[in-house]
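Participant: So the protein sequences, as listed, match chains A and B.
Numbered by this note's numbering, the letters in the first sequence go through residues 1 to 365 in order.
Numbered by this note's numbering, the letters in the second sequence go through residues 1001 to 1365 in order.
There could be a bad hint or two in this list.
Covered by chain A, according to a simulated footprint, are these stretches of chain B (three or more residues, beta-carbon under 8 Å) [what the hints assert, rightly or not]:
id	region
1	1082-1089
2	1162-1170
3	1255-1269
4	1289-1296
5	1309-1321
Simulated crosslink set (PhoX-like; lysine-lysine; CA at most 25 Å straight-line) [unchecked claim]:
id	chain 1	residue 1	chain 2	residue 2
6	B	Lys1199	A	Lys305
7	B	Lys1328	A	Lys95
8	A	Lys320	B	Lys1199
9	B	Lys1144	B	Lys1095
10	A	Lys305	A	Lys320
11	B	Lys1320	B	Lys1305
12	B	Lys1328	B	Lys1305
13	A	Lys199	A	Lys144
14	B	Lys1320	A	Lys144
Since the hints were derived computationally from the structure, they do not count as laboratory data.
For each residue, glycine too, the CB sits at the ideal point set by N, CA and C.
There are 2 protein chains.
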Amino acid sequence: MNLADLPTPCLVLDRTTLTRNIRVMAAALARLNVPLRPHMKTAKSIDVARLATEGQPGGITVSTLAEAEYFLGHGITDILYAVGITPQKLEQVCKLNGAGAHIIVITDDADMADLIAAQPVPPRTLIEIDSGEERGGVHPDSDKLLELAARLGSCLTGVLTHAGHSYAGRSVRDMARIAEIERSTVTRAAGRLRDAGHKIDIVSAGSSPTARHAENMAGVTEIRAGVYMFGDLFQAEIETHGMDAIAVTVLTSVIGRRPGRILVDAGGLALSKDRSTEATPHDYGYGLARDIDGRRSLGNAIVRKAYQEHGVIDLDPAFKVDLPIGAKLRIVPNHTCMTAAAHDRYFVVDGGQEVVAIWNRVNGW
Amino acid sequence: MNLADLPTPCLVLDRTTLTRNIRVMAAALARLNVPLRPHMKTAKSIDVARLATEGQPGGITVSTLAEAEYFLGHGITDILYAVGITPQKLEQVCKLNGAGAHIIVITDDADMADLIAAQPVPPRTLIEIDSGEERGGVHPDSDKLLELAARLGSCLTGVLTHAGHSYAGRSVRDMARIAEIERSTVTRAAGRLRDAGHKIDIVSAGSSPTARHAENMAGVTEIRAGVYMFGDLFQAEIETHGMDAIAVTVLTSVIGRRPGRILVDAGGLALSKDRSTEATPHDYGYGLARDIDGRRSLGNAIVRKAYQEHGVIDLDPAFKVDLPIGAKLRIVPNHTCMTAAAHDRYFVVDGGQEVVAIWNRVNGW
Chain A
1 MNLADLPTPC
11 LVLDRTTLTR
21 NIRVMAAALA
31 RLNVPLRPHM
41 KTAKSIDVAR
51 LATEGQPGGI
61 TVSTLAEAEY
71 FLGHGITDIL
81 YAVGITPQKL
91 EQVCKLNGAG
101 AHIIVITDDA
111 DMADLIAAQP
121 VPPRTLIEID
131 SGEERGGVHP
141 DSDKLLELAA
151 RLGSCLTGVL
161 THAGHSYAGR
171 SVRDMARIAE
181 IERSTVTRAA
191 GRLRDAGHKI
201 DIVSAGSSPT
211 ARHAENMAGV
221 TEIRAGVYMF
231 GDLFQAEIET
241 HGMDAIAVTV
251 LTSVIGRRPG
261 RILVDAGGLA
271 LSKDRSTEAT
281 PHDYGYGLAR
291 DIDGRRSLGN
301 AIVRKAYQEH
311 GVIDLDPAFK
321 VDLPIGAKLR
331 IVPNHTCMTA
341 AAHDRYFVVD
351 GGQEVVAIWN
361 RVNGW
Chain B
1001 MNLADLPTPC
1011 LVLDRTTLTR
1021 NIRVMAAALA
1031 RLNVPLRPHM
1041 KTAKSIDVAR
1051 LATEGQPGGI
1061 TVSTLAEAEY
1071 FLGHGITDIL
1081 YAVGITPQKL
1091 EQVCKLNGAG
1101 AHIIVITDDA
1111 DMADLIAAQP
1121 VPPRTLIEID
1131 SGEERGGVHP
1141 DSDKLLELAA
1151 RLGSCLTGVL
1161 THAGHSYAGR
1171 SVRDMARIAE
1181 IERSTVTRAA
1191 GRLRDAGHKI
1201 DIVSAGSSPT
1211 ARHAENMAGV
1221 TEIRAGVYMF
1231 GDLFQAEIET
1241 HGMDAIAVTV
1251 LTSVIGRRPG
1261 RILVDAGGLA
1271 LSKDRSTEAT
1281 PHDYGYGLAR
1291 DIDGRRSLGN
1301 AIVRKAYQEH
1311 GVIDLDPAFK
1321 VDLPIGAKLR
1331 IVPNHTCMTA
1341 AAHDRYFVVD
1351 GGQEVVAIWN
1361 RVNGW
């Protein structure tokens, strides 16, 4: 099978780039002497999980219980569900743990801490710490941290933070600085809990940019990162990786031609409506068009409008292209987590046009 | 089954509102004496298609060939695929037509017209006309219109336009004006083709706003509209319908609490990253939160941030709410076509909390 034969739109994953990205991150973390618990929210695929856990302890992070169930079904049992737990989801976690999983949950809520502790077999639990993102989590110096620990009792296993505010950084230096805030915040919380007599086995931190550019991870026991595997235009803009490190593209066909622009069959559903690069130095609209080989032979050809099933690409006047209806292109996504979620499988290539494998994804909830 | 028992996030469809929306549109079009070929790109569900085609000729519009195949499998044969056809998709259409479908295709390209006409059994074909949206289509007064017709020969069946630029309108008066441009443009094209000796059976126009507010559809043989069935915040803002006509919501659970805001488990994947209302009088962020009964008891509680699996709702200070972790809310979407596509089924209610049916969707391509 060849990319030229595939129905469009569909998702292409370049395994050569993927494995290089995984190697680069593993090397960066090895230098910091901290293992990786890869976040599977981006890839949602067992085939990718196998590559990402190679040489690591083997645990993973997930963003949905559908992922947890899917990966358990494929033999991965050490799973961190890194979204604040609810009573209903706790019930589901306990069921999955009863079936052989070892799912770890997170909370920053006193009532939930009581409910977790009251389970017949409570799951291991991490207290979520806010290291500056201001999304979820408690302050490392707060009374609430100690209160939550007391309520959790023996199921307290550690602390977790996510420096999502690293996405506001725009340089390697910014990322290193935010990584140090992330590290010092979550280890300070761990220290306070240990001082209060709690056993803290897991000190979990991470985001792809901070993981990639941290200079020190002393005291952190594991790094969670996910988007680094695939990369995207936004991560390239914030210097998590280079433009040659983007492993996922959307294969699309030309469906219309006008002077200076073309219409393709990848619209808002196939690309997502994410506009992450709006706030970065280069605004790539809804994505950047490359040729079927993944080369940038169209220059700066950008998807400027995205209707449900139509994308409008403004051609780069410096690059002459004459594409017939049906010609295939590959769109590099703004935000690969959002784009990939619109598709149920990957058509895997190894740099060329030949499809060497088809890998499934676990979407939904 | 009750909404309170459902795992979240998931998609809720209120059948009472849906059937009222379908009745309102049918009545509006009956007054204009024009039948409806409902666009199933929003609902992607046979159960909804059955309601939407009631009292109409029975044909539908689709936006993907996955929809075409699905609806054919459920007995609907008169299908208009309203996205510019490509060589590869033409092959697929011919196969489906060989299997009992009567799929109509559209084109605005001379090479494609030749290829369509060269098929052993060419599908019926409409020439796409640009009535001002400037997405696809030829000008009604262009030489190209007649050239395309000559190339298509006997498979030419009609003309089609989509006044997508009605989405820039902001009042009923705007919509009526754009509807008249849409009508006059597509009927002018039909007239020129008839004058040149072509048989034009289908003159297809439509978008939900123009369908709803047109004052005259003389010469138009069918209206395509889709989003009116479900409605959304954007369509309410542009006066296609009222705020009480939104049939689809995302059921979500509270996963975090802070002063003035809550965190829910409906993020960018469950809601989509669509920001259509950014350009309208009321900017609803990524959606408006209502209570589990669909009532606006939280006031202006708006999803201001959408991470992959986290939504951040800024609470309305004028409304006191005290929601525990796990409490359920329903988020009204910005753009229902994008939001619904993240989900594989509808949990159907009839105004209350009781789930009376589960209807599947055909997503992907």
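Participant: So which hints don't hold here, by number, going up?
Facilitator: Hints 2, 4, 6, 8, 9 contradicted; others consistent.
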